[in-house]
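Going by my numbering, the first residue of the sequence shown is number 1, and it counts up by one from there.
Quick caveat, the hints were computed from the structure, so don't treat them as lab data. There's no promise every hint is true.
Distance condition first, Cα-Cα at most 30 angstroms in a straight line; then the derived DSSO-like pairs of lysine-lysine [unchecked claim]:
| hint | residue 1 | residue 2 |
| --- | --- | --- |
| 1 | LYS305 | LYS333 |
| 2 | LYS441 | LYS497 |
| 3 | LYS394 | LYS405 |
| 4 | LYS334 | LYS112 |
| 5 | LYS427 | LYS96 |
| 6 | LYS218 | LYS208 |
| 7 | LYS321 | LYS357 |
| 8 | LYS323 | LYS266 |
| 9 | LYS112 | LYS323 |
| 10 | LYS333 | LYS362 |
| 11 | LYS115 | LYS333 |
| 12 | LYS405 | LYS357 |
| 13 | LYS266 | LYS246 |
| 14 | LYS503 | LYS427 |
| 15 | LYS339 | LYS264 |
| 16 | LYS185 | LYS262 |
| 17 | LYS218 | LYS148 |
| 18 | LYS148 | LYS96 |
| 19 | LYS153 | LYS262 |
| 20 | LYS334 | LYS321 |
| 21 | LYS405 | LYS246 |
| 22 | LYS218 | LYS115 |
| 23 | LYS441 | LYS411 |
| 24 | LYS405 | LYS441 |
| 25 | LYS420 | LYS323 |
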Amino acid sequence: MPAKKSAKKSAKKVVATKKVAKKAKPAKKASTKSISSEKSATKASVKSLLKGAALSAAIRAGEIPWRPAPKKVAAKKAAAKVARASGGAELPIDQKQARRVTRWMMDHYGPKLRKACAGTSFSPELLCAIVCQETAYFWLPLLDKLEKTAEFKDKSPELADLILARCVLDASGDFPGTSRSAFPKNTAAFRAKYGADFTNLLIGEANKTRALRNFGPKDWVYKGYSLFQYDLQSVLEDESFFRERKWYDFEACLGKCMGELKQKFKATGELWEAVRAYNGAGASARQYRDNVRTFFAWTTDEISKMPPAAVIVARAAAVPKSKPQLDRAGLAKKLEEFKIDRATYPLVVVGIRGYYKDTMGKPGVNDRGIYDDAIFIDSDVTFASFNGNTDPSKFRPGSGFGTNKGIAKLKSGICYYAHKLDFHGSKVFGPYRAICQRNGKVTVQRDAKDGTSYEETGMFGINIHKGSYNGTSSEGCQTLHPDQWDGFIAMAMDLAKRYYGAKWDKQTIPYILIES
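Work the whole structure out from these sequences, hints included.
What follows is the structure in structure tokens.
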């Protein structure tokens with residue numbers, strides 16, 4: 001932060017100025033110098049423009065990166081407000097919050113953190129501390145609020161996906177009163193280099209985050225992505241990360257963070273110097289390092305109180321190492337019993353429940369919450385297989401057909417008149433093209449309280465859509481692993497347009513579900 005004149009010195013100057021004013025008009029030179037000094041301070045720091053509540057709100061909203069509260073006498077009032085908002089005079093969150101963040105991180109990503117740190121100078125404790133510093137001040141209040149809502153209650157994997165997706169922060173360069181030296185200095189600079197489509201994609205992601213905070217849309221490209229805040233300046237050598245929205249995938253984000261830390265450690269030769277260099281240089285980076293060191297003591301203590309690593313199970317949904325190997329001829333044999341008129345229905349989607357039941361999860365059991373099923377696209381010109389899920393993500397027994405009914409599992413068989421290409425609503429991804437139950441009823445089997453199931457037929461929104469990395473994201477829908485979704489839906493849309501022309505998004509696409 002640029003140095004400011006002390007209150008004492010400023011007071012003396014005011015008194016001196018008043019004495020001169022009794023004899024003559026104020027000197028223009030002194031006035032010009034004062035204005036010049038004020039302009040210099042304004043340009044140098046956002047905190048000379050954003051004061052008190054405005055600064056606190058901008059930080060908590062993720063509009064500008066968190067920075068240490070100002071210490072100068074003239075800024076004591078603003079510092080106090082920032083301190084109250086962030087949980088400490090120099091820390092963005094307090095100890096209790098840091099421990100909460102640590103438990104959440106280890107509960108969802110513990111095994112991945114340990115695996116990434118194995119054989120390095122880094123640890124899960126350090127990575128949790130970095131998240132405490134980088135983004136927890138933004139997402140932890142959202143997590144605490146949303147997990148109590150009906151939409152996300154008992155849906156921890158889906159909420160984790162939302163947190164990952166919405167860690168799109170830092171509007172510096174566009175937010176009023178801020179500046180940025182690294183590329184892109186602002187949205188205009190990004191648009192000039194990368195064009196409208198890429199720019200609008202990132203603006204859209206930023207506005208999804210703003211909407212979650214009940215803010216209106218802005219035409220701003222934000223600069224920080226992921227729990228670890230991978231800076232947009234990296235787009236110059238790592239364009240695909242941002243174009244393909246890889247910050248939605250925790251492992252991709254973790255890989256970027258670890259790569260940077262390793263590089264800085266190699267350059268500095270010391271752990272805490274590497275942490276400092278991870279943030280940058282100067283006083284701000286040293287404060288960053290000291291904050292992470294403080295968090296590290298708390299995260300280390302909290303993890304020591306948790307179950308052994310072997311007991312902690314990652315929430316990430318398991319996925320096979322390869323796509324289903326069944327070929328077109330093999331699938332055709334399985335479809336013979338349905339006697340489908342392929343002239344009328346040249347495009348079909350097929351699911352095979354329990355395809356990997358002997359090689360994933362409990363042997364011989366069709367598990368829930370993992371991608372142990374197979375989904376195929378079949379036509380006379382294209383055939384492709386995908387890792388998918390045809391079950392609800394969990395068991396939820398119930399009774400009847402009201403609010404206490406059991407969770408749905410699509411009954412196997414052929415759904416001739418139910419599905420078409422439409423928009424699936426998603427809190428995480430926003431509305432996107434999927435294959436949706438819009439044209440007709442389907443029959444589901446609901447979990448009963450006695451361990452059996454009972455049937456119900458109707459319009460339940462049993463769609464074929466994108467799953468998540470932290471779970472299969474299903475209350476009866478058919479889902480595909482997110483890494484394979486784009487390929488699946490692009491192929492389905494291309495074939496629909498090929499066969500049905502202008503009516504491609506109105507034509508029914510049969511879905512056949514087969515028990516393995």
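- [ ] Starting from LYS405, check that the Cα of LYS357 is at most 30 angstroms away, please.
- [x] Answer holds: LYS405 to LYS357 is near 27 angstroms, not above 30 angstroms.
- [ ] Quickly compare the C-alpha distance for LYS427 and LYS96 to 30 angstroms and report which way the hint goes.
- [x] 28 angstroms, holds
Open item on the list: Would the hint linking LYS112 and LYS323 be met if the CA-CA limit is 30 angstroms?
Closed with: The hint holds at about 22 angstroms.
- [ ] With a cut-off of 30 angstroms on the C-alpha distance, tell me whether LYS503 and LYS427 pass.
- [x] With a Cα-Cα distance of about 28 angstroms, the restraint between LYS503 and LYS427 holds, given a limit of 30 angstroms.
Task: Pair hint LYS420 and LYS323, alpha-carbon separation not exceeding 30 angstroms - done: Within the cut-off at roughly 25 angstroms; holds.
Open item on the list: For LYS333 and LYS362, compute the direct alpha-carbon distance and say whether it is at most 30 angstroms.
Closed with: Distance ~28 angstroms between LYS333 and LYS362 Cα, so the pair holds.
Open item on the list: For a C-alpha distance cap of 30 angstroms, please report whether LYS266 and LYS246 respect it.
Closed with: 26 angstroms, holds
Task: Holds or violated: LYS339 to LYS264, with C-alpha atoms at most 30 angstroms apart - done: 62 angstroms, violated
Open item on the list: Checking one constraint from the list: CA of LYS323 to CA of LYS266, max 30 angstroms. Satisfied?
Closed with: Given that 30 angstroms is the threshold and the Cα spacing comes to 38 angstroms, the pair is violated.
Task: Holds or violated: LYS441 to LYS411, with C-alpha atoms at most 30 angstroms apart - done: 12 angstroms, holds
- [ ] Take the C-alpha atoms of LYS148 and LYS96, compute the straight-line distance between them, and say whether it is at most 30 angstroms.
- [x] 19 angstroms, holds
Open item on the list: Holds or violated: LYS441 and LYS497, Cα atoms, limit 30 angstroms.
Closed with: 24 angstroms, holds
Hint compliance for this structure: hints 1, 4, 8, 11, 15, 19, 21, 22 are broken, all remaining hints hold.
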